[in-house]
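Trainee: So the chains spell out like this:
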Amino acid sequence: MRDNGFKVGLAESSDALRVLSTSGIDRAVQARPALKALLCGRRSDWDGFDTLFDAYWSGRNVKLRIPMSGNAALASQRTIKTLSEQTSHAGETALASDVERREADGAGEAAPAGKREGASSFETLTRTDFRKIADPDAIAAAHKLAERLSHKMRTHLTRRERIARRGRHIDLRRTIHASLGTGGTPMRLVLRRPRHKPLRLVILLDASGSMSLYTGVFIRFVHGVLDHFREAEAFLFHTRLVHVSDALREKDTVRALDRLGLMAEGVGGGTRVGEAMATFNRWHAARVVHSRTCVMIFSDGYDTSPPELLGAEMAHLRRRCRRIVWLNPLIGWEGYEPSARGMAAALPHIDLFAPAHNLESLAALEPYLARL
Amino acid sequence: MEQRQDIADRLAAIGYIADGELATALVLMEMLQRPLLVEGAAGVGKTEIAKALAALHGTELIRLQCYEGLDRSDALYEWNYQRQLLAIKAREGQDAAATEAHVFSEDYLMERPLLAAIRRPIAPVLLIDEIDRADEEFEAFLLEVLSDFQVSIPELGTIQAMTIPRVVLTSHDTRELSDALRRRCLYHALDFPDVDREARILLTRLPGIDTTLALQIARLMEQIRRQELSKVPGIAETLVWAAALVGLKVTRLEEDRAAVYETLSCVLKTREDRARISREVADRLIGKVA
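Residue numbers (my numbering), protein chains in the order written: chain Y, 161 to 532; chain A, 34 to 323.
Since the hints were made in silico from the structure, they are not lab data.
Be a bit skeptical, because a hint or two may be false.
[Claimed, not checked] Facing chain A, according to a computed beta carbon distance under 8 Å, are these residues of chain Y, among others:
| id | residue |
| --- | --- |
| 1 | R162 |
| 2 | F166 |
| 3 | K167 |
| 4 | G169 |
| 5 | V179 |
| 6 | L198 |
| 7 | R202 |
| 8 | L332 |
| 9 | I336 |
| 10 | A338 |
Cβ atoms here follow ideal geometry from the backbone N, Cα and C, with glycine treated the same way.
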């Protein structure tokens, strides 16, 4: 079980033994649901259990390792095993490889020579090696910027909160305790200190082929953000949406990028912004977005999903969060108009639409973010 | 494992249709005295498990609804401050230590769900609803209470559980709960019932309903849940809708399509969903199940 990522300990083993030794359970048919309830801890366990159980009890020497998505334990094992293979083909999967440009179906207008516009629905199967972007200076710069931002946002908020909340919320329990000394007259009011709730930053990063020139910059920035903000979540999307906060929370940059590379299979392929947003709204928004959340989307807006879908999902998200900031590297280009249909559909629901193609442009956001 | 069938039967008798896996989990709950963690989409009947369990054992159901910011004093206990203040006023001039001892006695203690659950002489069912909404600190605190079944109140000392409550935790499959909590619990993933089970639920809950109609409704619900909806209807919606149809004296869905379409608002809860199941779509779906 443990080989397959189930988190079971000695207590479970002994309980399993107790259950199995109970009279009446002598056949696998009866043992299965009992062990299932006992040994599963999450949905992925639950869905994989029956296959595993059959594989084991059918007695055949079948492969016991069943691939399950979102399985951290398994992923880490894979890291060690495939590390050498990975390094060997790292050179082939350069961030801006041409292969990924196939099947561009031109969601935007015809791209002028030299500019790469348009979206693709193609999913690359190669893994991008994010370690290639691990230039220590660049990483340090990105972290500095993120730290400065987080500091700005935090100091600002605490000051405002202090003003707004002064005098509210009397802590009666402590007040009464304090009043015993003065014979029950509450001379000193103890105020309940509000639990500090910082603004949360949720970052959705487009890692499709058309964004590949910028992915490196943003990844470094996102890593810095997760390092310095207490409340931040990060997602990566291309044809699918991947939750990458955990991988990027790793302090060690090289390890973080390594883990990211494993999770982010398909990076550099096509973009389905609309579907990624739908997935986000459906499965993650309830958990990571609250009324004090700023959602930051890094994308060029080239989308192969229907534009209405993106529009609807953006409207949905807009109702949930405090601000939506859309950072589009293409704005930096001369004569850029948000003409891609997906971008046009999303535009009405965005609070700030700003350029971002390097760290300087991100730094230019500082005053805006500080006001949030 | 005769108990399994036994539990399933007894649950059916009080109106809860459980499948074999759930019945087993409930048996194990008794046997190992572990809490049961139930995950699944909204409306699949997670909360109902706790209610059924309480009815089954003829005990009280104590419910703790979790939300962001829930803390110990909301979940465990609180002192009745108003009364304490009055008591202190009334005893003015008396010995301060005696006053303190008096105000921090049982009389002024207001128990909240967790404390209530461990102080009942007959073990109640404790439902901790939507645990994924509570903050992580609270989850950790809960873990402590659930493993020791004792609570320490600084002014009173440690309170030992009189009985170990049966604990059901529900979660929406969304936020990642801690491994520590998961490991301490039995696990059950609840899905929408299949047609057969949903029809049986209708027949048990609405005794007046025609068997064919119940089956038709169950099949139609299965079809509706397959559509792209923003709010997938749960079992409670099915029950309300079925009751509405019975009330309108509909006996076959295909015979009274207008009534079926007009009562769909029992099931579809957003404007977009209503628009998605247009009259034509509804007709097609009814055609499929009739």
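Trainee: Which constraints among the numbered hints does this structure fail? Numbers only, ascending.
Mentor: When the structure is compared with the hints, numbers 1, 2, 10 turn out to be violated.
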